[in-house]
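These protein sequence lines are chains A and B, in that order.
According to this note's numbering, the first sequence is numbered sequentially starting from 122.
According to this note's numbering, the second sequence is numbered sequentially starting from 790.
Hint data in this document are derived by calculation from the structure and do not stem from the laboratory.
These numbers were taken from a predicted model, which means no experiment stands behind them.
None of the hints are false.
With the Cβ distance kept under 7 Å, some of the chain B side facing chain A (calculated, not the full set):
#1 S821
#2 P833
#3 L835
Calculated from the model, a selection of chain A residues having no Cβ within reach of chain B, i.e. all distances over 10 Å:
#4 A123
#5 K134
#6 S143
#7 S148
#8 T174
#9 R194
#10 T201
#11 L204
#12 T233
Just so it is clear, CB atoms sit at the ideal spot from N, CA and C, and this is done for glycine as well.
If you want the building blocks of each chain, they are given just below.
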Amino acid sequence: KAGVTQTPRYLIKTRGQQVTLSCSPISGHRSVSWYQQTPGQGLQFLFEYFSETQRNKGNFPGRFSGRQFSNSRSEMNVSTLELGDSALYLCASTLSPGPLNEQFFGPGTRLTVL
Amino acid sequence: QKEVEQNSGPLSVPEGAIASLNCTYSDRGSQSFFWYRQYSGKSPELIMSIYSNGDKEDGRFTAQLNKASQYVSLLIRDSQPSDSATYLCAVFYPGTGFQKLVFGTGTRLLVSP
Numbered sequence: 122k123a124g125v126t127q128t129p130r131y132l133i134k135t136r137g138q139q140v141t142l143s144c145s146p147i148s149g150h151r152s153v154s155w156y157q158q159t160p161g162q163g164l165q166f167l168f169e170y171f172s173e174t175q176r177n178k179g180n181f182p183g184r185f186s187g188r189q190f191s192n193s194r195s196e197m198n199v200s201t202l203e204l205g206d207s208a209l210y211l212c213a214s215t216l217s218p219g220p221l222n223e224q225f226f227g228p229g230t231r232l233t234v235l
Numbered sequence: 790q791k792e793v794e795q796n797s798g799p800l801s802v803p804e805g806a807i808a809s810l811n812c813t814y815s816d817r818g819s820q821s822f823f824w825y826r827q828y829s830g831k832s833p834e835l836i837m838s839i840y841s842n843g844d845k846e847d848g849r850f851t852a853q854l855n856k857a858s859q860y861v862s863l864l865i866r867d868s869q870p871s872d873s874a875t876y877l878c879a880v881f882y883p884g885t886g887f888q889k890l891v892f893g894t895g896t897r898l899l900v901s902p
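Just chain A, with the same shape it has in the complex:
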């Protein structure tokens, strides 16, 4: 069974630009969560999508947004990039939301903002 895939793997952008990251969950998984990982803050929850609906959102500014498609694939968008947005962006998939379902991570997209 194929794992979670994320594209692109690496991105370099400049301040003020916007970026779109993509995530394809494990086949059969319908819930996708996004995380930002930085050396200083660790893994921070961005948002969770299930059945094309955003269920939860972390404490990030409105520049961070996402969506989910009917095939469970998800995208996240960051507008007006800032230097502090440089991070590893991770997507995790699970069968459905809830405490008992394990989340499996993709390889991540490393975003560098210059």
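On the provided structure of chain A, position chain B as indicated by the hints.
Frame of chain A, contents of chain B only:
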């Protein structure tokens, strides 16, 4: 108080020894607990999940949960140099209307040959 706390380490153990990694959490209502391993430059990989008090064993790994003490641990027996990584504790936070998986900042484990 942080929601999930881990000692950042590094925790250094010799090859063949038992490595003990600890995690405490703040929400008594938390129901599920996970350990992830993350190698440098890679994404987190799920090692163990545990939902009820006591021990859960999987190969060289044993997860221990004590809900009364709000404490989760991971034991790695017969540690190998390939176990050198950062270990992340994650706790499912059952907030009303807002549920999420909360991660600790991780403990770096170094296993020396």
